[in-house]
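Trainee: Now for the letters of each chain:
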Amino acid sequence: MATGMGTGTAMDDAALYKVSVWLSPAFPVGGYTYSHGLEWAIEAGEVRDAESLRDWLETCLAHGAGRSDAILLAAAWRAACADDRAALATVEELAAALSPSRERALETHQQGQAFARTAAAVWPEAALDGATLRYPVAVGWTAGRHQVPLRATLICFLQAFAANIVSAGVRAIPLGQTDGQRVTAALAECAVAIAGEAETAPLDEIGGAALRIDLASLHHETQYSRLFRS
Amino acid sequence: MLDDGSRSETLRLQRAVGAVRVSAKPGHRRGTTVLDGLYQQGAGKARFPRTHSPWLEAVLLNTAGGITGGDRLTTGVSVADGAHLVATTQTAERVYRSLGEDGCLDATVSVAGGGVCEWLPQETILFDGARLKRTLNVEMADDSRLTLLEPVVLGRQAMGEVVRRARLVDQWRIRRGGRLVFADALRFEETGTLARRRGVLDGARAFASLLHVAPEAEARLEEARAILAGLPGLADPRGDVGAGAGVGVEAGASAWDGMLSLRFVAADGACLRRALMAFLERFRAVALPRVWMM
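Just so you know, the protein sequences line up as chains A and B, in that order. For the first sequence, our numbering gives the first residue as 1, with consecutive numbering after it. For the second sequence, our numbering gives the first residue as 1, with consecutive numbering after it.
I should point out that these hints are in silico values taken from the structure, not numbers from a laboratory. Check each hint, because a few of them may be wrong.
To spell it out: a stretch of chain A is covered by chain B in this simulated footprint if at least three of its residues, at any positions, have a beta carbon under 8 Å from a beta carbon of chain B; those stretches are [said to hold, decoys possible]: (1) 60 to 72; (2) 88 to 98; (3) 218 to 226.
It should be emphasised that the depicted structure is a prediction, and the values quoted were computed from it without experimental measurement. Idealized CB from N, CA, C, for every residue including glycine.
Just chain A, same shape as in the assembly:
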């Protein structure tokens, strides 16, 4: 198992168990209600099959919220390891301001709140009382408090991010379950590369070029018939 940056120790089995729990679709953050604008891209015919879904998601990961959220997560993880509340506040302030639309702001805000609420109820010893944290910040802080290695957290986070949007695609395109899994599998290399980059990237490395993915989120707000909240 890979070692986490700065932890110096091999990941133990209990840590692996925890990070799998947090980033499983069964952990109640309500991820299935968000499509990150994909629902509009499908409506507009931009995404219509496995290949166009893979391409759209690769852009999300490498040039969109995937990479930016990974850098936010890593900064929150470091703040947790150092028990640095001021650093956490800086990361959270940036995470809260980075959304390109009302729905994307909702997506990161609601999932962050749900994540922090459940984590605090199940593991009260590592809870952070009273703070509102956006989703990647909540995950990074929690993983740091539980001493779960950063690299593994990042890979699981990016996998969950991609798999959640794939699942939205499977339902909305629609696409066969096996094709959906092929898309998730095909994104492994990209997700691992982004995790590696995010592990050491400072906050000012945040930034993207996913302009038409942001535009899809703006259009989604006025989409007539919708299953998803973003």
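Dock chain B against chain A, hints included.
Mentor: Then chain B, alone, in the frame of chain A:
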């Protein structure tokens, strides 16, 4: 002549450094704005054309005639309570091929109390090999009004130039009443295929961000969307022919937390400019600065 990148490059081996700071305050006559202070250094200049409008118009110039690697230009704008400043640029800013270093443009805007600042520069044109790092930091009060625009065009359209490599990093940070309310981080690193990606530009060559922050900004969302729906050259969002296929402009708007944010993606610079002018004329309900028409 200005579009001849190679010639300008050879003329411009020396790095350009410049700074300009403009501050605006209310005039003696009620509802007017006057210049409070002006500092110009190096390639940074500002002009104040006579207008019939009550606000102050500042036209910013880079006398070095474009940006290349190693250039560093800073702009500072400050608007007092009760004043209204419209800042624009004399012409499109051309960013030439860099031999390695980034060109840097740093801008700070501060708006006090009920002040109004409109930052409406003309487009930034990235030539093949351009490297530009830009920051825009705003401090405003809860009741200040702010409009920010940044249009970007890839390559010289008339010459059919393809931008194979370019790097634009643009960081916006808007603080309102001391709180960071909006951060935009553009990290556009073209290495051959980025702009062609469907989720990036789908082959389109121009884009813009427009942000309006004001007490009534959220309430203007429906109005903004109605203007967008009537834009000249609007691509059918459900059609196969979009901005990337060389036709039209795509645009969308959203509002939250006291802000109205718009994005535009257009087939080319001319298309983008037409759309922005049409939007701004209706949304602002006043004419754009004259330099925009030339």
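Trainee: Please go over all the hints and tell whether each is borne out by the structure.
Mentor: How the hints compare with the structure:
1. Residues of the stretch 60 to 72 of chain A lying with their CB closer than 8 Å to a CB of chain B number 4, which satisfies the three-residue condition for coverage.
2. By the rule of at least three residues with a Cβ nearer than 8 Å to a Cβ of chain B, the coverage given for the stretch 88 to 98 of chain A holds, with 5 such residues.
3. Only when three residues or more bring their CB closer than 8 Å to a CB of chain B does the claim for the stretch 218 to 226 of chain A stand; here the count is 4, and the claim holds.
Every hint, counting from the list given before, is met by this structure.
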